[in-house]
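So you can see what is in the structure, the chains are spelled out below.
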Amino acid sequence: MAAVNSRGRMTTLGGIAIALLSLLVVRVWFLQVVNAESMDERAQAIRTRTVRIPPERGRIFDSQGRIVADNERLLTITVDRETVKDDSVRAELFSRLSGPLELPAEDIEIAFKSLRNDPLADIPLKVGVSEDTALFLRERGEDYPGVDVREDWKRDYLYAPLASHVIGFLGAIRESQLSLYLSLGYEPNELIGQFGVEQTYESELRGTPGYIKYEVDTLGNKLREIAYEPAIPGQDVVLSIDLAYQQFAEQALQTQLKVRQRTEAGKVYLAPGELDPGYAEVNYYKAPAGSVTMMNWATGEIIAMASYPTFDNRWFNAGISGSKFQSLFPNTQDPDQSILVNRAISGRYNLGSSFKPFTAYAALNSGQLPGGSTYRFKDEGTYTLESIDRSLCQQGVKCVFKNAVCSSSGSPCRYGWVDVEAALAVSSDAFFYKIGEQIMTQRNTNDILEQEVRKFGFGSSTGIDLPYEFSGALPSLALKKKLAESGAITEESARGYYVGDNVQFSIGQGLLSATPVQVARAYSVLASGGNVLRPHVVRYLLAPGTPDSKPGYADIENGRIIRDLRTSQVISTVDMSGDRREPILRGLKRVITGPGVTSDYYHKTTGEKLFANYPYEILPIAGKTGTAQGFNNLPWNDSSAFGSFSLALNRPFTVVAYLEKSGYGSQAAAPIAKCMWLAIAGQWRLPEVFPAEPLDVASTAVAKSQSMPNPQCLSTPYTGLRE
Amino acid sequence: MSIPLLNRRPSSGLGNVRESMADPARNIDWILMGCVIALNIFGAFIVYSASRPQLTRLGLDPYSTVQRQIAFLIISAVAMILTMTIDFQLLRGRAEFLYGATLVLLVLVLIVGAVRGGARLSFDLGFFSVQPAEMAKVTTLLMLAGYLSDDRLDYVPYDTFINALLIMVAPSVLILLQPDLGSASVLVACAMGVLLVAGVRIKYIVMISLFALISGVVAILSGLVRGYQLDRFKAFINQNSDDDALQNIIFQVKNAKRAVASGGLFGKGYLQGPLTNGSFIPVQKTDFVFSAIAEQFGLIGSAMVLTLFGTILWRIWRTAQMTRSQLGRFICIGAFTMILWQVFQNIGMTLGIMPVTGFALPYVSYGGSHIVAGAVLIGLVQNVHMRRLR
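So the protein lines, in turn, are chains Y and S.
The letter at position 134 of the first sequence is residue 133 when you use numbering that gives the first Met the number 0, and the numbering goes up by one with no holes.
The letter at position 140 of the second sequence is residue 139 when you use numbering that gives the first Met the number 0, and the numbering goes up by one with no holes.
It is possible that part of the hints are untrue.
So the derived list for chain S, only partly shown, Cβ under 7 Å to chain Y, looks like this [claimed, not checked]:
| hint | residue |
| --- | --- |
| 1 | D153 |
| 2 | V259 |
| 3 | A260 |
| 4 | G263 |
| 5 | S301 |
| 6 | L305 |
| 7 | F343 |
It should be emphasised that the hints constitute simulated quantities derived from the structure, not laboratory data.
None of these values were measured; they are calculated from a predicted model.
Just so it is clear, CB atoms sit at the ideal spot from N, CA and C, and this is done for glycine as well.
Please model the entire structure based on the sequences and the hints provided.
Dropping the structure here:
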């Protein structure tokens, strides 16, 4: 009895044991067989750590090989957050680190506690340590647990602020760009090109990051290297910009703007000889901004592109405070003061008379002028529209258009009988008013002028390899409707496209807006005999790691070209056959050389005086001045334009200068172009280009101002070669 | 003795059977012995694989831990042989003394014990330390088995039951004060097993369970149980909790489970376990040793270890079945339940089906006292087995 009971109870116990062990077996089976794979992946992820190796960004060289954007290797000592979680451990480690880092332990603690530290990454303790320090700490990993060296690159612009608008700068990825760049494999805290070439060629310049994969333990200590993929540096960019010309253009632009700011603007007349008492006080030109563009008309390469106000692109990685940045780059609604605008590609300008060559082409090409280039028209100083009923004119429709005022008489200039050539040379408005009206009325086709000038690239973007290009706008009913919608013009005026609009359009006024680079391209079409080019600032891309030829210069001659942008960039051609181009060219040549026309008295051409001593035989050029009327047609609101090109195949350049609110084209913009032409002709020595001084972070100037060492070439007349 | 054995002539009658069939030395359970030795040796290899990464990183001799383990195994072998040689009936006579001495040591350890991780578990003797709680497992078993077998009844009267309970409770409370919930639970398991087989009424078993439950609650409420023990339980209830306080435990168990799972069918191979090599599992060489086995040897290794334990338990149960001595049976049953409970709880917590309680896997984990105590338990069982025919 006893034994049976005892045995029964032991059987119970044995059963319990079997049940418990079976439970373990089932559980092990479940984990190791059923669940094995998914768990295994998680096990893999937790025991490895991937350290990213940032690639060296491609460098940027000018056309002569000058290194304009370089990289400085930046070594940063970091510490793993988990390792030094404990206060006493950290204090002990930092006191031992203070020697190698040459920093008091308290300062290291401050760096550790900084609120700007990324909460997920290792904490930077000291940025920019020497290679020796980094090596010392790397070799003693056991003594400095959790301490690591991170390699980074710092962008350096050696010639800042030269060509800052073209080169651009690096900046953080903006909120709106984040998803795009993350999808391209960027890290959220990476710097990307946010302006200029740095932005356009971001994907080529960036390179490919590498990585090292470590096996780590719970403390994050590296056990061994599992995989290593070196970073591939970015491609190097060779600009077509020549810093010598760039610097000269910037100096000339800034010097001339300063000169114009001290120049008295013209008076306002109510009637011939009668001054307007409302504007009795002396007004100076504001001359706030401008641009100079020098382009190769055979290839489309931009040799120089100056824009003012300019900036020093080193401010963007100088580590300055937000408030300092605000004071340097204020948020402004005033377009005169906008700094981060490359006016050569983003300026929205009336062109004034510098647009006339294209109106002339439109007239010649569409057969508007009876007899073509021989057609003559009597310029009486004013032009009255013929197609409008007189009674309408009396009801307030503007029917009478005037020429510019001749300072000698105080009334609109009268040029007498002029043909196309002479009309361009002296800039007869009346002649082009006539064309404007004729084009509008004779063929009953409203948009011939628009169609013709579109061929030169007006009204569409040039496709230049720089961001934020403005595509321009040509007057049309559609444009008027659009402008009326946005409130820029009244609904009433947008009801139709009128003869008056076309008349304004024909002299580059009214609703026409274009950028200086569009003007440069359009003049290049004339120069090259019809080729519409895509302007570009990059000549070619080189394989990573172009070596230096001498300090400050890269050996661009022997670099391996990956993408060549010198090859023909002709987008379309314009028919320049027959008697289409020559009269225009002759007129533009006469602008430079004279002679003018005689009517009442001798009228000089617009450039005759300025270019009086220009060595035309060394480098023949042609050009056209333009004075774009601004607000209320007040003289001090006139913007000054000058487009010009050489007629020599060995120096195929186009130079366009545009100075806002600086007065007549012949007085503000043309002198800058003259300086450029003298330099191109080898008659004026280009100042030498030196690397910039280090950026003074205490400075309050957004860019160091530049001026010509010798501004003589700007003056009228030029009197021979000067140093 | 050996000399006549060697000189014996092959034809001398019964020849080599010179002694009785009942000679204890001839009745050792070699299957049980083999299983224990196999676990010991396998355990030493596992202890090496689980201790090596950390030692290497600290720049210490990677063999230093396993060398100590081997030393403990030798000591435990000696202790087991000693236990086997002394007739368990004689040991019964010393049970009160041993039990009393244990209680004294348990009190002493609370006063002068070495503090480790906030608990006083052991006496620090320089080269090694001694945990009296492990000793209590043996002595309490002897005391309990002896007391219950004295009556020679096939049931447990009420007052006997209460006394038996007190025998178990006294060391348990002292151990809880250390605090060492794990070891205390082993004593409870032991008492429950012995009382069940001794013929206690089911309602008493229920009472013990209630007692354990209530004392647990009381321990928590009175602050005897440290916060971390409560956390372990919370972490078990919600294994995916976001509570920061539980993260260490959750991390430990999660990684242990990952290690087991990543072992798969055949394991990663000896010394090839990434989680083991990365020291991702705290106290892996003691409490979480099973994760190292499972990661390196997979289902094959896990099954082998469970089979060895199953065999050990079967042999002990069989001995309990065979012995004519009630004392012997109770000793075996006590050993049986203690080993069963420790194996189930230890592997169960590694697999995430039991809350984390800090004790070792018998015969495998690194450690001194528990290896010796485990060996002594086997020694007692062998003792019973050897003398089962008396």
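*asked:* Which constraints among the numbered hints does this structure fail? Numbers only, ascending.
replied: none
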